[in-house]
Amino acid sequence: MRLLLVEDETDIQSFLRRSLEDAGYEVEAASDGKTAERLAVDSVFDILIVDLGLPDQDGITLILRLRQLGVKAPVLILSARRSVDDRVRGLEQGGDDYLTKPFALAELLARLRNLLKRNSPASAEATRLRVMDLELDLLRREASRGGQLLQLTQQEFVLLEYLCRNAGRVVTRSMILDRVWGMRIQPDTNVVDVHIYRLRGKVDGTGQQPMIRTMRGVGYVLTDR
Amino acid sequence: MSSQTGKPHMRSAAWRISLWATFAFACGTLVFFLFLQSFVVADIQRRTDAWLSGEVEVLGNVAEHTPKNALYQRVLGEVAELATREVPNKLPSEGSFNDSVFFLQTGDDGSLRLWVGVGDGQAELNAMRVKAIPSGNPTDIHVQGFSVPFRVASVRIEDGSHIFLGLSERDDLRVLRNLRLRFFLLWLMLVMLGFAMVFLSTRRMLSHVRKITEAASRIGHSDLNARVPIARRNDEVSQLALTLNRMLDRIESSMHQLHTITDSLAHDLRSPLTAIRGKLESSLSKDAGGDQTESIVSAIDELDRLTDFLNKSLDVAEARADALRLTRIEVDMDDLLRAMIDLYEPSMSEKSLKVRMRSSGSVTVLADAALLHRMIANLLDNELKHLPDGCTVTVALQGAKDGASLIVEDDGPGFESGVLDHLFERRVKGRDSDGHGLGLAFVEAVTRAHGGTVSVTNRDTGGAHIAVKIPSGLEVVPESSLQTEVFEPAFQSRQIRL
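Taken in sequence, the protein lines are chains Y and E.
Numbering-wise, our numbering puts 100 at position 100 of the first sequence, and it's gapless, one number per residue.
In our numbering, each residue carries its 1-based index in the second sequence increased by 225.
Simulated from the structure, these hints should not be mistaken for laboratory data.
One or more of the hints may lead you astray.
[Claimed, not checked] DSS-like mimics (lysine-lysine), calculated; alpha carbons at most 27 Å apart, straight line:
#1 Lys610/E to Lys576/E
#2 Lys72/Y to Lys117/Y
#3 Lys34/Y to Lys72/Y
#4 Lys202/Y to Lys694/E
#5 Lys101/Y to Lys72/Y
#6 Lys579/E to Lys202/Y
#7 Lys504/E to Lys101/Y
#8 Lys626/E to Lys579/E
#9 Lys694/E to Lys579/E
Predicted model only: the values in this text are computed from it and were never measured.
Using the sequences plus the hints, can you model the full thing?
As structure tokens, then:
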């Protein structure tokens, strides 16, 4: 996967480049809009990360310019501004995504995966998900572990489905709130954790290998091995 | 140039205003005096003419009825002389005979028959021959040797002779000259008086403006405490001063808020930053074999809390400054609340808190969904953090004609009485609260941004009662509800057909 990273702050750029390369991306980096434009036109990228505060131009202007030049790859917008610009919302509607700084690396990677998945040709949607001995029947909305049916509420099933789709990868609390409950909120209480504990109580029964693991300081991961 | 700098008032607005006002005033009064003068001139002429016509009539009668004998000339001469004594506007006569009046009778051949006046009357006769005088209407006649014209009236009598009575306009013109001089002096005085009055009053008024300017420039330099002086009169300048002061009040309070925010931000950032730094440092100094993850993880936790706090403070500040940008969509409050309670219920029951929801069904408002989410999350976080175990939280939603009414109440200890009045101020929190003191401030700010209201009270039976009213934001229902009711059935049937 070729990725173009447009970020002017060298610290963040080098840290992101390292992390993205660790995650398996082939990263090209640009520190300003001009370089980014040249790179994006010269070669093909699968995905772009664009910071809004570039030294020579506004990130949005750059994205719109790239779109005019025929760059079709999805864009993940990074913004230090907290309130989300209407134009960013507009881009979000157009299939791109945004993330405000500071962010968890896990969330950045997850959003990148999501964008890539959204833009890849739609594969036949699976009706069953399987992670180790955990099985989800998406049509009947039933989950079972080791052949034993789990008594899940509707909400717990959606949560587990989200974890399964991201099996082996860390999901943050705000990602869970966003994807499962459809809310971009940051509660300063442990609301998400309690849901996870409850789900864990049902999925990781006694004597079984625990699957839902807490990554302290980051989020949760459903182990797939 | 030096004279201009030497006389600063010549460049002042008061000076300019006075000049223009005086110019207008002078023009106006000039027109008035000119009109008055023309009226007086006409009046004097009318009186003179009336006198002349009357006297010449009398003289004509006398001449007609007096027998043409030796006494004729004498009788007529006496009558004419008598008449000249009653001349209007006459100066006291210097000589024996008044030279401003003459009486002349010509025969039907135009020869001089009788003359009463100064001189031999030949010049007058010549002048009369040059210009024919209509009978009855007095006319101006220029007589050689006299600079001032005579006003002459004539009458024709039966025997074909003409009688002329002439009156010099000298006295009239003298009266008019006097009048003009007085009018001019009066006009000049009025104009100067007007100028002085306008200048003084304008300067007085503008001196308030100058004071305001001075005060305002002082405010910029020193501090925001100073205020512009307010004149007692309730005029525009006082209004300006009042408005300026109110603006300063607002600026000062914003500055104060800003100071409070930066102070508390500094305070609130320092301690977690110190903690994070310490944790990271200790992880660095630990022996390579030790577990460093714990301190790094808790440093990340700390950073997350910090970010959250920063976001919330800025949200509240933005909402307070009316800078929140709302992206309004139709939101069903009922759905929203159910989803929220579904999210919070496990955490609540973990703390053995009960949640109940009362709702009369779907209530749609036009609002910013993300902000509403966060607002309700704040309300529920608040309950979750502060309620003692075993309490019950009741969330009630009711739809009204003009919006949604949301009530969150509990049977806990309620708010501390000292805190109750200041709940919406940033950073006000109960003694035992470990929050940022931003939750309710945020709730209030978001509600206000939507045009709604929040009220927080303690229930009589104990416990907190928070009522949030959000206007529907949909098209405002017209006031004439009666009409709407009348037309409702038709409206409904149309909808059904559609």
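Hint check:
1. Lys610/E to Lys576/E: holds (10 Å)
2. Lys72/Y to Lys117/Y: Since the Cα atoms of lysine 72/Y and lysine 117/Y sit roughly 14 Å apart, the hinted pair holds (cutoff 27 Å).
3. Lys34/Y to Lys72/Y: Holds: lysine 34/Y and lysine 72/Y sit about 18 Å apart, inside 27 Å.
4. Lys202/Y to Lys694/E: violated (40 Å)
5. Lys101/Y to Lys72/Y: holds (25 Å)
6. Lys579/E to Lys202/Y: holds (22 Å)
7. Lys504/E to Lys101/Y: Distance ~22 Å between lysine 504/E and lysine 101/Y Cα, so the pair holds.
8. Lys626/E to Lys579/E: Violated, because 30 Å separates the two Cα atoms, which is more than 27 Å.
9. Lys694/E to Lys579/E: It holds: about 24 Å lies between the C-alpha atoms, which stays within 27 Å.
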